[in-house]
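There are 4 protein chains.
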Amino acid sequence: MAKTHAVEIRVRYGETDQMGVAYHSHFLTYFEVGRTEYLRSLGTSYRDLEAKGFYLVVVQADCKYLGPAFYDDVLEVATWVDRVRPTRVDFRTRVRRKADGAPIAEGHVVLACVNRDRRPQALPPDLRRVLGVTRDSPA
Amino acid sequence: MAKTHAVEIRVRYGETDQMGVAYHSHFLTYFEVGRTEYLRSLGTSYRDLEAKGFYLVVVQADCKYLGPAFYDDVLEVATWVDRVRPTRVDFRTRVRRKADGAPIAEGHVVLACVNRDRRPQALPPDLRRVLGVTRDSPA
Amino acid sequence: MAKTHAVEIRVRYGETDQMGVAYHSHFLTYFEVGRTEYLRSLGTSYRDLEAKGFYLVVVQADCKYLGPAFYDDVLEVATWVDRVRPTRVDFRTRVRRKADGAPIAEGHVVLACVNRDRRPQALPPDLRRVLGVTRDSPA
Amino acid sequence: MAKTHAVEIRVRYGETDQMGVAYHSHFLTYFEVGRTEYLRSLGTSYRDLEAKGFYLVVVQADCKYLGPAFYDDVLEVATWVDRVRPTRVDFRTRVRRKADGAPIAEGHVVLACVNRDRRPQALPPDLRRVLGVTRDSPA
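Respectively, the protein sequence lines represent chains W, P, E and V. Reading the first sequence from the start, the letters are residues 1 to 139 in the working numbering. Reading the second sequence from the start, the letters are residues 1 to 139 in the working numbering. Reading the third sequence from the start, the letters are residues 1 to 139 in the working numbering. Reading the fourth sequence from the start, the letters are residues 1 to 139 in the working numbering.
Bound-form chain W, shown alone (with noise of 0.2 Å):
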């Protein structure tokens, strides 16, 4: 579980606040690309989890803000896995600017697997599969 996949996200004009920086809500929604771009890496989608009924639900996110972010600013989000549990995946997730390497956020975001009517499941064996799990974490 040490694979780590960054992408580059380039702040919009409409994701800064009127302080001239990205405002923080924004920063979830980075951390939900980075996770979208992860798993792509693997070689799975997320969209193909939720079309065979796994879906992935944000149960809890935690942000630290490092430093502002501006606008047209590239942003590198690095993100990895560090646990796998039956039901529940955790996600971490490190943001730097990219032209001087400034620290400017770091995420952490528990994910639970459910079906379509909210219930939870199991992660599909193909998912912890990629997710190189052998043995599950204490739940």
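Read the hints as simulated data drawn from the structure, not as lab findings. One or more hints might be untrue.
Claimed, not checked - Here are the simulated lysine-lysine pairs, DSS-like style, with alpha carbons at most 27 Å apart:
#1 P:Lys98 <-> E:Lys52
#2 W:Lys52 <-> V:Lys3
#3 E:Lys98 <-> P:Lys52
#4 V:Lys52 <-> E:Lys52
#5 V:Lys52 <-> W:Lys98
#6 P:Lys64 <-> V:Lys64
Computed from a predicted structure; not experimentally measured.
Fit chains P, E and V to the supplied structure of chain W, relying on the hints for placement.
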């Protein structure tokens, strides 16, 4: 169809941009809030429409921006229907700042009625009745 | 610092995602609305704070998601301050659905006071007074 | 002024709504990304324009929605300028889905050049030159 319904919306911090004003895309959301409350004021609800299988999708949205809206401003969002066709309804919205009556924006949004599969269908009779339609405008 | 202030926020259509629930990033915005109204309930305003050169930037945001919020749901957003340090203030927020009291989310947001150049500065005395600070928590 | 610049934008999960498609307001943001990259393709940048005291504010935005865009779709966003007046510039944008070329949206956005105090001013000569203006359209 002369009925107008007004609601108040306070500009959120996250809706401002680095020019220090409400970013222009959010006005489409303000218009949507206006339409939701317009329908509620008629004794119906858009949530119920969807539950019955009638979806109103936006097929056209035009907005004129007449003045800046600032963080914490209370906006008066007045909504009315100006045209009903068998499968479409046109809403208009006027936004003013409550404190000084300054004109902020004017919008025109055309909605098409579709079913769950996104196929066009006639507006439901209940909706037509509360919208006061006795005879359709030409399609 | 036991004062709690509650506001009602109705979930907007544009805030839902394809799972049919309010997308998780919007809760940070709901918390922000809660803080804005909390300060207003104390007789001050965040807009005025900024006008005087005091900016509160989010340095940490944690959110637990306890249940889904749906389009058109009215949410009760209760906000309180649980810690004040010389240059920081911690807010907590609890979100419930008004109709049935169902728990929806809990948030903890840490704000740092900075000046126009984003340099840390002490919270203004007026704000400290209305927050009921008589003695600081240890930094 | 025949130059068109195309960029790719992938629909984010948080941009979908409960109908399962990209919510209509986000297209104004996609258009903005298109304009930012259009200016960059000309060797200038909107960030630099603001740094020099030239702000382009949206005074009108019109959008036609031609088909649904889904989560994870890659959209081709093609932008061009179709009119330049002394203090205004009109952009047009066409959005197609990359996978099948399906038309998704068409936009027309009018921007006015203002200074830091939001007073109208002429477009800067550098911008007029890269936009290829030799003679103004009638105001």
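Going through the hints against the structure:
| no. | hint | in the structure |
| --- | --- | --- |
| 1 | P:Lys98 <-> E:Lys52 | holds (24 Å) |
| 2 | W:Lys52 <-> V:Lys3 | violated (43 Å) |
| 3 | E:Lys98 <-> P:Lys52 | holds (24 Å) |
| 4 | V:Lys52 <-> E:Lys52 | holds (26 Å) |
| 5 | V:Lys52 <-> W:Lys98 | holds (24 Å) |
| 6 | P:Lys64 <-> V:Lys64 | holds (15 Å) |
When held up to the earlier numbered hints, the structure conflicts with hint 2 and nothing else.
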